[in-house]
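*Asks:* Chains as they are written, first to last, in my numbering: chain A, 3 to 340; chain B, 60 to 392.
There may be inaccurate statements among the hints.
Unchecked claim - Sample of chain B residues facing chain A (criterion: CB under 10 Å; computed from the structure):
{"id": "1", "residue": "Q209"}
{"id": "2", "residue": "Y254"}
{"id": "3", "residue": "G257"}
No lab work stands behind these hints, which were simulated from the structure alone.
Computed from a prediction, not measured in an experiment: that's the story for all the values here.
Every residue gets a Cβ at the ideal spot worked out from N, C-alpha and C, and that includes glycine.
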Amino acid sequence: MRVGIVGAGGMGRVHTTAWQTTPAQVVGYRDIRPERAENCAERYGGRAYDSLDALLADVDVISCTTPTDVHCEIVMAAARAGKHVICEKPLARTLAQGREMVVTCRAAGVKLLVGQVVRFFPEYERAKRAIDGGMIGKPAVLRFSRCVSQPRLSVDNWFVDFNRSGGLILDLMVHDFDQARWMAGEVTRVYAKALSVARPEAGVDHALAILTHASGAITHVEGSWAYPPIFTTAFEVAGSEGLLTFDAESSKPIHFLRHQQVNTEIPEVPLPSNPLLESQYVTEIKAFYEAIAHDAPVRVSAVDGLAAIQIALAAIESAQTGRAVEIEPLAEMAEVGR
Amino acid sequence: MKIGIFSFAHMHAESYVRCVAARSDVELLGIADDDAERGAEFARRHATRSYPTYEALLADKPDGVMICAENARHRALAELAAAAGVHVMCEKPLATTIADGQAMLDACQRAGVILMTAFPMRFSAPVMEVKALLDKGGLGQVYACNTTNQGTMPGRSRPWFIDKALAGGGAMIDHTVHVADLLRWFLGCEVVEVYAQGNRIIHADTVAVDTGGLLLMTFANGTFASLDCSWSRPLVSQTWGGVWLELVGQAGIVSVDAFRQNIIAHGDHVGKAQNLFWGSDADSAMVDEFLAAIREGRQPAVTGYDGYKAMEIALAAYRSVETGQPVRLPLGA
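In isolation and in its complexed conformation, chain A is listed as follows:
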């Protein structure tokens, strides 16, 4: 299996090193800034391509790790070329784009796999298994929190450009919207409040949302880019027969108290960390490899990615209008037969 990376930034490198743990071969990179593709080729092998079409001609699969607003055009091009796609989350910048991507890939007979990577985080997956195993009965009140410092890419910080990334709610909170739906089922209504805390010029950086599920369950989601440099997540699921709680801070297995403060470099885009024998991204890409190579079932579908952005976009609308927003069932859902 030959793989091409489209978008040779931070996530492009994460995908590359994950692909390197599979039998697939990363053959090259495409980036609108050619030097970045060249840097990756130099570091990881393969070559830099000067056009998407040229890259598509040489591969079976692409990893789309570009800014969100161009996911759609890249995925559509791949589908037209008959190539499978792994698309970073959030699936798309708009619901219309996401729908078009799902429908087109389906029609072209190519797989569209969306990198809702938190589904591959063992703490969330363990909770999901506990719920499915009936440990806590029926989920009733869920809480998710994901608080980090604002992404600050030194060049082209597209994360904070609402038109490109959808901002905090679409880029970050989409993880927990997906988790809420994974653990407690379809979401029917969203209400959200949002504001700018740390950098007023950069738009929304802190938000709270309440989701209502078709099952009657309710979910609280907190998302923040307004934190000091730290990546902290937490969740709890209160059910009819029990309670699951998780807090990243209190489950850290290692604490290192230094006699002297050292200046650790603050990452451009903070990612969570907790020692694991296999990174979550490797787990994810391995699963996607199996899905493509052997048609293995995969725990997150393109429609899941679509449903997650639908919730996020509704939360954005609610935060803007001050009204709760009803969520219509996705027509695409029926065709998946979930």
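Following the hints, put chain B in place on chain A, whose structure we already have.
*Replies:* Below, chain B without anything else, positioned relative to chain A:
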């Protein structure tokens, strides 16, 4: 000074009795309870007198009474005490309707007696520390708050908690008011809009009122705050629940867990793990404030109006659950 207890319906009465009994300068007159058996039992347990009626207790001229009746019965008892010129500390929520709450405020004001709402979290040392931090500008402007007041379902030992007619609702009226009050106090302004969703999944087979609830409140200054008021702690939990607030402000993020000061006990004779609380006694500080306000002839630090405004937020939350949209405050009757 003489203090009486009106009803032992609410378990907090036990704590208040202990707080009063511990003071050598205050005389605990006794307990009046419309459940005569309950009143007698608790009077025996606390070595105090059991009165056959509320009026009989008032006839012994208490300076103040502490109302620990079922929520819907607060009004009648407050009016009775006010008419006798007796100061009142009333368990939360102040009442179950706007009309009842307003009537209590009016009756106590007319009679010139104190109406204090029993909000012990105002006297929690960790919570007060955060209030002091805010007051000296340590956090700068507060933008958003994420809070919880979750607990175990209280209906097993006190069935009226899950009787809508007596409690006014379930988890949402029970567990909204404490944090709503703290947020009003912290922020120094009122809630202007509430969105809420509730459900009845936990204990669905035994409880007829809401057991799960989430609120998102918007304050007049634009700050918004969410609250999880659910009775979502399993009955086998290490603790009854807790109060936790996280404040996101200009200078950073502050969180406070009001019941964190515990030693955790395991043991072959302990059964499930237990929290042994070693923090300061907020109930005692609250009772002291009631007594001091009576003695000094002043308003207490937390008033009946505070109780009314917190109740109003809970009632607005129920309206929002019904409509599925945010509800504006203040509420009309």
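*Asks:* Does B/Y254 hold up as a contact with chain A if the rule is Cβ-Cβ below 10 Å?
*Replies:* holds (5 Å)
*Asks:* Should the interface hint for B/G257 be scored as holding, given a Cβ-Cβ cut-off of 10 Å against chain A?
*Replies:* holds (7 Å)
*Asks:* Report holds or violated for the interface hint on B/Q209, using the least CB-CB distance to chain A and a cut-off of 10 Å.
*Replies:* Holds, because the Cβ-Cβ distance from B/Q209 to chain A comes to roughly 8 Å (cut-off 10 Å).
Hint compliance for this structure: no hint is broken.
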